[in-house]
Amino acid sequence: MILKINNQSFEVDVDVATPLLWVIREQAGLTGTKFGCGIGQCGACTVQLDGVPIRSCLTPLQAAADKEVITIEGIANDTELHTIQRVWIEEQVPQCGYCQSGQIMSAHALLANNTSPTDKDIDEAMSGNICRCGTYSRIKTGIKRASEELAAASSINTENNG
Amino acid sequence: MGKWTRRAFITTGVLTGGALVVGIAIRPGNRAGKVRDLIAGEGDTVLNIWLKVNTDNSITVIVPHAEMGQGVHTTLPMMLADEMDADWKNIRMLEAPGNKEYANYAMGKGFIMGPKDIPSMLIGTVDGFFLTATKQISLQMTGGSSSVRFTGMFAMRVAGAAARAVLLEAASEEWNVSTEELMVKNSIISHPPSNRTAPFASFVDKAASLSQPAKPRLKTSEEFTIMGTSPPRFDIPSKVDGTANFGIDVSLPNMKYAAIKASPVFGAKVKPLEASAIRDMPGVHKIVNLEGAIAVIADGYWLAKKAINELPVEFNKSDHDAVGLNDIYDQYLRDMNTAINEGNEEKDVKKGSIKDIFKEATNVIEAEYRVPYLAHATMEPMNCTALVKEDGCEIWVGSQNPLGFANSVAEVLDLDQEKVVVHNQYLGGGFGRRSVPDVAIQAALIAKEVDYPVKLIWSREDDIRQDHYREANISRFKASLNDSGQISAWNNQFVFKHDPEEAPHIPYGVENQFIHYTNSETHVPWGYWRSVDSSMHAFFTESFMDELAFRANKDPYQFRREHLTNAPRFLKVLDLAAEKANWGEALPANWGRGISLHQSFGTIVAQVAEIEIVEDALKVHRVVCVADPGFAFHPDGFTAQMESGIVFGLTAALYGEITIENGAVKQSNFHDYQMVRMHESPKIETHIVTSDNWPGGAGEPSTPGIAPALANAIFNASGIRIRELPVKNHEFKANTRILG
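Protein sequence lines, in the order shown, are assigned to chains A and B. First residue of the first sequence? That's 1 in my numbering, and the numbers climb one at a time after it. First residue of the second sequence? That's 163 in my numbering, and the numbers climb one at a time after it.
Next comes chain A alone, as it looks inside the complex (with noise of 0.2 angstroms):
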């Protein structure tokens, strides 16, 4: 089947039932996503499929028949990382990374659709997400400051375009 992740298809030839994570890492090369448990506990494989977080190591390739998957691989533009990631960056997150992507594809689904998420807003959309370095207070300040300067990006653009 065709499977479309970060706007290019790929032809891929595996038995349908094949989780979504290994297809991701082994037919599409994309390694960013990583496997951590296979039972959908500690979100280190999550993408998003049509924009929602899911967690790949338990989504058969049949589920994204027809639909968008959007990998770490596929949130930055040509030219420039995303915000969530230039602040990862800025606020110096990970440590050993492993979960990394994982934390920041649930980071990016949870400021889609929560403009300026409340601590607890924060702790619900990220708790499905482990990180054995202990990194959480880091990710929690970047997603708050990622979303101090969306919203003012957003700000300036609805200006620009008002």
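Simulated from the structure, these hints should not be mistaken for laboratory data. The structure presented is a predicted model; accordingly, all values stated were derived computationally and were not measured. Do not take every clue at face value.
Said to hold, decoys possible - Mimicking BS3-like on lysine-lysine, the simulated pairs with C-alpha atoms at most 30 angstroms apart in a straight line are: (1) A:144 x B:742; (2) A:4 x B:468; (3) A:120 x B:734; (4) B:890 x B:781; (5) A:120 x B:781; (6) B:845 x A:120; (7) B:734 x B:512; (8) A:144 x B:781; (9) B:742 x A:120.
To be verified - Now the stretches of chain A that chain B is said to cover, found in silico as 3 or more residues with beta-carbon under 8 angstroms: (10) 7 to 19; (11) 32 to 44; (12) 66 to 80.
Even glycine gets a Cβ: it sits at the ideal position worked out from N, Cα and C.
Go by the hints and put chain B onto chain A.
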């Protein structure tokens, strides 16, 4: 000092293309000779090449440690660049290959001698004995919170200072001026009286021709310009856009994937499967029978995993099939009692005479503590990619010990160690787990059966059940208090002793102490786990201190203070923690504060946890952490490590429990081996105390103190004394105040 048979010195050389390299070499006798293998003279052994001055005046720093999030790929180059007065913007980092020339001499020396005994940081005094010892034990290891403490202090700073000295010497000869008149800033040498300036790179040839060993002078902390600042880490950009390459991300032409099923009971053998068992499985290529496991090679990991799950894998009976955790605890207690009865305890600390004190004592307190086994659960499950050819083997893996991995793989494949090349990748968490070569050995044995590269990936279940565990332990105390409420005798017995040596020792002034242990071997494999023995002893000793404070009818903070009159460094850290945590100020109902103090890996850490008991649940609101590492070379990174260690220790304290049932590990994944998540993570406030002591570690020292701070806070809030971890197994009732 021991007898010196060899001397080490700084040496230089020029690579093809004109880069200057600076290294430390060991030689048996005369200094004459030609450059061999980059920088060695004839008869020399190259210890290490630490840096290259490139023709574009950028500097490449070669770091012999793995990056696992602790920031070592940034902090070590900072130490070198600062001593060199190099331009930080033009510093590059290169991880050293897994090679015995990079055997971690500095860490070995640190471990063997301890920082106190180090005679001098100057290289002329480096003793070849330690190099030999280190090479024999094949250390190129990242662990023991040692990178900055030993590699940084011995190798990086010295190499940077030496390079600076050699380049200055070269400039002084080229310009025919005195070195005293020269200045260095941002990789540029200048001579103000004659208004001349030139980059380091222009003196490379001259520097390389200088025959004498450099005699570098190290900076004092007032002279630091880079050390003590917090530049952005080199590894972070690739960790936000998915491009960082972890071991599991390696991709090679024609690579296939392997999954494995290992014996649940450690040490049990597997019944071999016929090659034909996979006949009806398309895309599945081969069964590999290993001693304690069966592996399957397939086109993709999912296919391999599915195949191994479907195959009728069986294991032989073993002597341990009936062993449970309680049997292990019973065995510990039997062995502990026998040791006491027979008087053959392994002695750790013996001061004064506890016997005499206990005979007269009227206020004697006893308590027994327990902790269970713990798995590492690195976020990246164990994996390794291997390609085995007739004349050698290459492996791609994230390793805390690449040289050790090469040795182990060479041994099982019956190859010379030089024939095994380790390509080290980023580590998706280490915590000690990635110093064990088990997965690399399996990958090599699997790949040996085929002529293409194989990536072996363990499932999370394999990872939890085939770990090398922080051991379960029992610690028993007996102490007495005198009439003024001071500890007069301290008797402590536990099982096993590994590292760090000081883990069970107390900083408190107690005249009569007997600290001793007993070995009690089990079939459960042991491994280094973040902060190692300190991960349990801080809980044991600091909880017991709290019990003693209570029995002395004293405030736990004041009680500790009274026992620290001869330990000003500890006292300062403790006092600051109490101050920052508002110790003594009233808390709302059902809240509690607990304090702890523990030194490990050269860093003293005091923590105050602030908790609330809500119905029968627990909320950890805030942790104040005060740490004295001597000097924090990258304060932001140090702070991040304190936070990290606390969350790691909190996970263990609240949830961490590996139980053994029928000889095997019961837990299997994050649903039953729970991790602290964002909503459970407390606010952590870290304060760094700078002292003039030899630098302490960062990666481990905050892990030990959170469990006792938490347990003591629970006692403060509820009167319930936690003597066995994890906390999740206890029921709380707010204000029950079961005192004593």
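Open item on the list: Going through the numbered hints above, which ones does this structure break? Give me the numbers in ascending order.
Closed with: Hint check: 3 fails alone, others pass.
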